[in-house]
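Note that the protein sequences, when read in sequence, are chains A and B. If you're matching positions, the first sequence starts at 1 in full-length UniProt numbering and goes up one per residue. If you're matching positions, the second sequence starts at 1 in full-length UniProt numbering and goes up one per residue.
Note that these hints are calculated values from the structure, not bench results. By construction, the Cβ of each residue, glycine as well, lies at the ideal position given by its N, Cα and C atoms. Mixed in with the good hints, there may be bad ones.
Covered stretches of chain A (chain B as the covering partner; in silico rule of three or more C-beta atoms under 8 Å from a C-beta of chain B) [unchecked claim]:
id, stretch
1, 114–126
2, 155–168
Distance ranges between label pairs, derived from CB positions [said to hold, decoys possible]:
id, chain 1, residue 1, chain 2, residue 2, range
3, A, 25, B, 118, 40 to 46 Å
4, B, 161, A, 362, 30 to 36 Å
5, B, 89, A, 310, 49 to 55 Å
6, B, 118, A, 115, 56 to 62 Å
7, A, 197, B, 129, 50 to 56 Å
8, B, 161, A, 115, 41 to 47 Å
9, A, 336, B, 25, 33 to 39 Å
10, A, 362, B, 155, 30 to 36 Å
Here are the computed lysine to any residue pairs in the SDA-like style, where the Cα-Cα straight-line distance is at most 25 Å [claimed, not checked]:
id, chain 1, residue 1, chain 2, residue 2
11, A, 325, B, 89
12, A, 82, B, 42
13, A, 82, A, 71
14, B, 192, A, 317
15, B, 192, A, 71
16, A, 82, B, 33
17, A, 82, B, 35
18, A, 82, B, 86
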Amino acid sequence: MNTTQQLLADDPIWIILIKVVGLFALGVVLTLFMINWERKVVGRMQQRPGPNRVGPGGWLQSLADGLKLAFKEDIMPTLADKRVYFIAPVISTIPAFVAFSVIPFGGEVSMFGERTVLQLVDLPVGVLVVLACSSIGVYGIVLGGWASGSPYSLLGALRSAAQVISYEIALGLSIVAVILYSGSMSTSDIVSAQGTGWYVWLLVPSFVVFVISMVGETNRAPFDLPEAESELVGGFHTEYTSLKFALFFLAEYVNMVTVSAMATTLFLGGGQIPWLGHLWSGFDNGWFQFLAFIVKTLLFLFVFIWLRGTLPRFRYDQFMRLGWKCLVPISLLWILLIFAVRAWRNSESGDITTLLVAGGIVLAVILVVAFLVPDRRRTEPLPIELGSDYPVPPLDLTVPTPPRARTRRVTGSSGKEPAAVGSGDSGKESE
Amino acid sequence: MITTLAQAAADTGGPMTLGESIAFWILGPIALGGALAMVLARNAVHSALFLVMTMLSLGILYMVQQAPFLGFVQIIVYTGAVMMLFLFVLMLVGRDSSDSVVEVLRGQRLAGLALGLGLAVLLVAAIARSLIEVTPVGLGAGGAGSSQNLHGIGRLIFTDYLLAFELTSALLITAALGAMVLAYAPSKSRSKAGQRATVLARLTGRHARISPLPGPGVFATANSVAVPALLPDGSIAPESLSDIIESTPVTEIEQPPADPHSLTGGSSQDGDR
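Extracted from the complex, chain A is given alone in its bound form:
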């Protein structure tokens, strides 16, 4: 039993209650914040202001939307399987919050005179809790899609089932390397094992695979096939309204926060910033670690938003090929390599110099062979003879780039404030 587990074991019941309420509040507040942040950031990326009406700077928009959802009519489709339809949003929300409980948000703090750790539980198999919760959470999506009795929902549910099963394998494999190096599955042990250096430097392939598959696991763009708007209306939640829909939304965003927090825990050393403690001892405080943890988590959440603003949605077969033929084999090979290196280092003759020299030689040989192999000869594309007189553009058509200067001059002529579309004064002046 490590110190975290000992500290957690003698927590009085009121501290546990405070932590539970705090975790729930954190989940909900982060969801409200994320929705707004996402809309604002994507808005900036698409050169529009985003929500800016409700509250200061528009930051209360998602709160207003949530309240509105609660007062909307709750529609039960005629073809729905009533009980399953009712319970599906609940099934998807509860595991999302349960997975939150093993996240090591910060180090040791003193709460009303009681020493404790900013973490609800620390199981010896903490990492598995997150995996288990995500595999239960997908039941909500699948059952909701099935019970709605609509083809769109059913298709979304089927896609979601296949997607989560496939990407959970890649996710699990990418965690294996971290567990091997930290020697434990407990989240607090993994964080304390990164006291000297983060695993993101040591285990780069694992990190990349984890980040890609965590986007797939949470059904987010560019992997948001279960709710592809252009194909399936709303996907699994097409038929849902009111609070049930809000629960699905809540679950999606809490899941995003959870996997981001997991990535922080596994690869970015949790709340620790190794070199900062040398500057000033105050940075070793548990509350400061909490702050650092939240900042790192927000970094991952920003990547989620960035991806959504940048990438188009994958086609279904491309998505499956990426998972099964790219991520899983890479993970397996990487784990094999790690096993080999560790076995070598644990053996009697295993010293790091020999290993590095051998690795360098192998790399050099690969490079030499790669340079010696001749380039693939480019075959000239055959000229295509058109089979009909149907008007098609020439195949070697080059699209001319529009001249930049003219567009700049147009905006320049309307004065120094091109963004003043909504303000009434400048409009009257121009008239």
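We have chain A already, so just place chain B on it with the hints.
Only chain B this time, still in chain A's reference frame:
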């Protein structure tokens, strides 16, 4: 929570502690009820859901008995992956497929009953023996208690039971490969043309025309397949006429009943009007 429960259960295999018995008396009936409901439920998806409930409570029972690893693996593998595949297939089959009570194989029910009874006798005998003759030591006794679970299982699998482990994995891989070959091999021979090949085939005149057939489009007055497309001058585009529809004799039918998909709950319909 679970750790405290597990720690409350003493490290030796003594009598059940309060937390353990509370958990047992809550989870036991749920697991049993789920199992019974799985057998009795008419709808296949409901049946699968009750099985999920049973498996979940079993997983939590494992955790309470100082085997958190086993508990979570039970949830991830059985509830998360295996049952999800079950549900996947059930959904593809269709939501209204209920059990048929027609006996297809003669004597199947009798044989099933006999085998089931035999299994029950075996299980009862094994459990009774474990209750009477074996003295429980608890998972904590062998140094493999809740925090050492992983190390213990890992050491056993990769030392004493290595051969059994490898054999099992070889069997499973063979099964998976076999299933893939059986399902995939016949369709491999006629591989589909890609986007590029299709476009080239269209451009080089291997299709009848370069564009799709004209549908009832911009100039048409309706969007039924039976309505021909109109050319800009108002004449009928001959390529939009379907031979099948044109040659089918038409008889007037009565107005069909309303499509259930278009119906909503009674109250909301009234509200709309």
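List of violated hint numbers, smallest to largest:
Going through the list in order, the structure violates hints 3, 5, 9 and 15 and respects the others.
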